[in-house]
Amino acid sequence: MTRRKAIVTHEDDNVASALTALGRGEVVEVEIGGSLFEVEVLSDVPFGHKFALMDIPRGGNVVKYGEVIGRATRDIARGEHVHVHNVESLRARGDLRPHRQSQNLT
Amino acid sequence: MEFSGYARPNGVGVRNHVVVMSTVGCAGDAAERIARLNPKAKLLVHTQGCSQTPPDIALVEKVLVNLALNPNVHSVLLVSLGCESVSADRIADRISEAKRVEVVRVQERGLSDAVSRGSDLVRGMCEEAERARRETADLSEIKLAVKCGASDFTSGIVSNPVVGRVSDIVVGEGGTVIFGETTELIGAEHVLAKRAASEDVARRLLEAVEDVERRAISMGVDMRGGQPTAGNIRGGITTIEEKSLGAICKTGSSRLVDVVGYGDLVSSKGLVFMDSPGREIESLTGLAAGGAQVMLFTTGLGAPQGFPTVPVVKVSGNPETCNKLAEHIDVDLSPVLHGEEGVEGAARRVLGETLEVASGKATRAELLGYDKFLNIYVRGPVI
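Chains as they are written, first to last, in our numbering: chain A, 441 to 546; chain B, 2 to 384.
Errors might be hidden in some of the hints.
Stated by the list, open to error - If we take Cβ atoms under 8 Å as the criterion, some of the chain A residues that face chain B in the derived model are:
1. Arg444
2. Ile447
3. Ile472
4. Lys490
5. Val508
6. Val524
7. Ser529
No wet-lab data here; the hints were simulated from the structure.
C-beta: ideal position from N, C-alpha, C; glycine also.
Make a model of the complete structure from these sequences and hints.
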């Protein structure tokens, strides 16, 4: 039995999770809503980390479990590793507040 | 579905522990010596109980009473210093409504005397406890706590969904499932609120999450590194939203029937949320005080700890963790990760193990004795 190499948790997701360490250039088959798609991985993706199923523009939502898990902090290409280097949380961000306040003052 | 447990006035215990409990940090040494002389007794020591704000003193008293009232506890020796802010008499009065409780105070005649008298009392309680016998009990008597720790991406994909299915079965059989970890609802609360049995329950859930998020924001920092933890991030979890959405899978799909405060005794049947922190020790302490007799704990990277009075069943969907940390993992769910086993079959395995543990089988944490610590989650300063 060929072990699946990546999993997509919901058909609305724009990221997949690697079930094994993936190398740059590897072509991975993923199942989304019963259909199979191929994605070429553009960078090394460690076991358990995510890669993009489609291009995600800077500021665009990153979706897993069919829900928003954060926002892209730069353009992310289909097949690229998706993690803390290019995604930020939208919640409980105390570090953003002083910035917002100073914006409000000007 | 059935298990075999100890009938108590306030529920069915799955363990039969005699507990030596300090009322305050300053009495911890005396309690530890008494427990050391009685290896069958369980030691519950902590650092709270004095020089705290009145709400925290009341909270510590409540948690100590509720830990003692847990049906897994046969009887209790309270070890007091004598001048602490919490009242040993008040705590003992409330425990005595359900079981035998005795008190020794170090300030009466010093450590040696307290240890000698305390040890005699505990020896007598252990003899009484040995006469207790297990009886068949229905699954509806179970309060199952579900918790995740040292999570990685497998938690949200494998172990939490499998435990979620177990939660649904327990609730379906008339039992109770308690979950906590308010921080780990941030970003997923809207999903749970839709499952609330009433508007009031939904409101209380959302208020608890708002409160913890407001406190995080007030610190003026990005939570990352704290939540998700550095280990979570290494394990592939990017944001608190992703962690939360994976975490709530362990609650299954039942209606949320109640929201309770930290360490409150849970009285509702069905799925109940306890407002509590995500950190293991404080979280397990709150759930044990809530009355959980057994806990299901999912882990990705490998969280080894149990709890002194409540068996904690560890399950993991990470193949490397199940292999490297086999001595800590009770149920290996890694076949689910690659689709070799379905969620339903895995859930039946976990439920089977849970019922065996409830009926007396020792967990890995119990066998290893990796179950010594508790900590009461207080809000205010030490004063």
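Comparing the hints with the structure gives:
Taking 8 Å as the C-beta contact cut-off toward chain B, the hint placing A/Arg444 at the interface holds, the least distance being around 6 Å. This hint holds: A/Ile447 has a C-beta 6 Å from the nearest C-beta of chain B, less than the 8 Å allowed. Violation of the interface hint for A/Ile472 is found here, the shortest Cβ-Cβ separation to chain B being roughly 15 Å, above the 8 Å cut-off. Because the smallest distance between the Cβ of A/Lys490 and any Cβ of chain B comes to about 7 Å, under 8 Å, the interface hint for this residue holds.
Checking A/Val508 against chain B by beta carbon gives a least distance of about 7 Å; that is within 8 Å, so the hint holds. The beta carbon of A/Val524 is positioned within 8 Å of a beta carbon in chain B (closest approach about 6 Å), and the interface hint is therefore held. The interface hint given for A/Ser529 holds, since its Cβ lies 4 Å from the closest Cβ of chain B, which is under the 8 Å cut-off.
In this structure, only the earlier hint numbered 3 is contradicted, and the remaining ones agree with it.
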